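*Asks:* Residue numbers (my numbering): 17 to 355.
What the hints contain is simulated information worked out from the structure, not anything from laboratory work.
Check before you lean on any hint, since a few could be wrong.
Once the Cα atoms are required to be at most 16 angstroms apart in a straight line, the calculated EDC-like pairs of lysine to aspartate or glutamate come out as [unchecked claim]:
{"no.": "1", "residue 1": "300", "residue 2": "331"}
{"no.": "2", "residue 1": "220", "residue 2": "192"}
{"no.": "3", "residue 1": "87", "residue 2": "102"}
{"no.": "4", "residue 1": "164", "residue 2": "192"}
{"no.": "5", "residue 1": "220", "residue 2": "186"}
{"no.": "6", "residue 1": "220", "residue 2": "195"}
{"no.": "7", "residue 1": "164", "residue 2": "119"}
{"no.": "8", "residue 1": "164", "residue 2": "138"}
{"no.": "9", "residue 1": "87", "residue 2": "119"}
{"no.": "10", "residue 1": "87", "residue 2": "270"}
Here are the in silico distance ranges between beta carbons for each label pair [what the hints assert, rightly or not]:
{"no.": "11", "residue 1": "136", "residue 2": "308", "range": "32 to 38 angstroms"}
{"no.": "12", "residue 1": "135", "residue 2": "323", "range": "30 to 36 angstroms"}
{"no.": "13", "residue 1": "328", "residue 2": "170", "range": "50 to 56 angstroms"}
{"no.": "14", "residue 1": "308", "residue 2": "100", "range": "25 to 31 angstroms"}
{"no.": "15", "residue 1": "334", "residue 2": "206", "range": "47 to 53 angstroms"}
Given the structure is predicted, the values throughout are model-derived calculations rather than measurements.
Where is the CB? At the ideal position from N, CA and C, for every residue including glycine.
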Amino acid sequence: MYIGSPRKKRRSSPVRILLLLMLIAASIYVYALIKQEQVVSPFIPTPLPPTPTRSALSYADEAEELYLQGKLAEAIVAYEQAITLDPDDVLSYIPLARLLALEGRTVEAVRRANRAVEIAPENARTWAILGMANDWNNDVPDAIDACKRAIDLDPTYAEAYAYLAEAYADAGRWAEATETAQTALQLDDHSVDAHRNYGYVLEKQGNYWGAVEEYERALEINPNLAYIHIAAGRDYQALGNLDAAESSFQHAIEIDPNNVEAYYRLGRAYYDTGEYERAETYLKQATEADPEFAPAFGYLAFTYWSRRNYESAIDNLNRAIELGCITARRQAEAFYVTV
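Please model the complete structure; the sequences and the hints are all you need to start from.
*Replies:* See the structure below:
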């Protein structure tokens, strides 16, 4: 047993107690500030992680899917976004130029196609799409030259022959057009452009039955292309099959509700059958889809005249003439710029 003097308890230093009290007070103060911040701003969102930047490839993939759905205008926007991110990607310029031509934006199509050739001058696809764009821009000689250059670079590229066949047809070179279009089909029987352009060659020669067959074959490959439905409807109408023509034009409108030519062609079909009220409905929709499309105003004037609405007939006829003059002036200016 240990016996010794008891230990003395150390007395707390007043300074230490004061420091401890100050530390406790500071902790309470900080805690109160945090709680006050939570009460004052209870809805401040938690910072989100940064959104990953989309790649050019993702936009190009989206554009291809939109094209397959028949949404050509939206596909154009997606391809343009892809090019913004990757200005030297020729694989976006080629389909973009094609879609621009199909949408009637031919000057832009030629510009994009020329840029594709600048990026890849030894690529057959760039020269082929330049040929297509030139042809749709009414520059047939340059279209033929560009397509021939594409074939020189790749004699197995079906679309080059398809675009050349279309240009030959526009030049009235029927035998060459037919032979070249058939070559395109022999190279790729699953090409939409090969079937569509062979149909175009046959249509230009008055072979409407043969043209319809080719257009329908193209639609079997991709049924969501409004411009081919319109082409088929046009030929059905020429053959006197008005039910099939109306069905084709209606399909085009379902795919592309803003397609002015579909409304115009459907309105004309009803006008030709004497269904003036229905003709008026669709021709008015055509003028709403494109307020500068002169033919729609012209036929709308005829429709009003047939319904004895002479005042509206005169107004629309004047508008058609005005727009026709504007179009002629633009074409003349473009011609002089080209020369």
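*Asks:* Compare the structure with each hint and give your call.
*Replies:* Cross-check of the supplied hints:
1. 300 <-> 331: The hint holds at about 13 angstroms.
2. 220 <-> 192: 13 angstroms, holds
3. 87 <-> 102: The given pair, whose Cα atoms are some 23 angstroms apart, is violated under the 16 angstroms limit.
4. 164 <-> 192: 13 angstroms, holds
5. 220 <-> 186: 8 angstroms, holds
6. 220 <-> 195: 14 angstroms, holds
7. 164 <-> 119: 25 angstroms, violated
8. 164 <-> 138: Status holds; Cα separation ~13 angstroms.
9. 87 <-> 119: Holds: residue 87 and residue 119 sit about 11 angstroms apart, inside 16 angstroms.
10. 87 <-> 270: It holds: about 11 angstroms lies between the C-alpha atoms, which stays within 16 angstroms.
11. 136 <-> 308: 32 to 38 angstroms: 35 angstroms, holds
12. 135 <-> 323: 30 to 36 angstroms: 55 angstroms, violated
13. 328 <-> 170: 50 to 56 angstroms: 55 angstroms, holds
14. 308 <-> 100: 25 to 31 angstroms: For residue 100 against residue 308, whose Cβ atoms are near 28 angstroms apart, the range 25 to 31 angstroms holds.
15. 334 <-> 206: 47 to 53 angstroms: For residue 206 against residue 334, whose Cβ atoms are near 49 angstroms apart, the range 47 to 53 angstroms holds.
In the structure shown, a violation is registered for the earlier hints numbered 3, 7 and 12, in ascending order.
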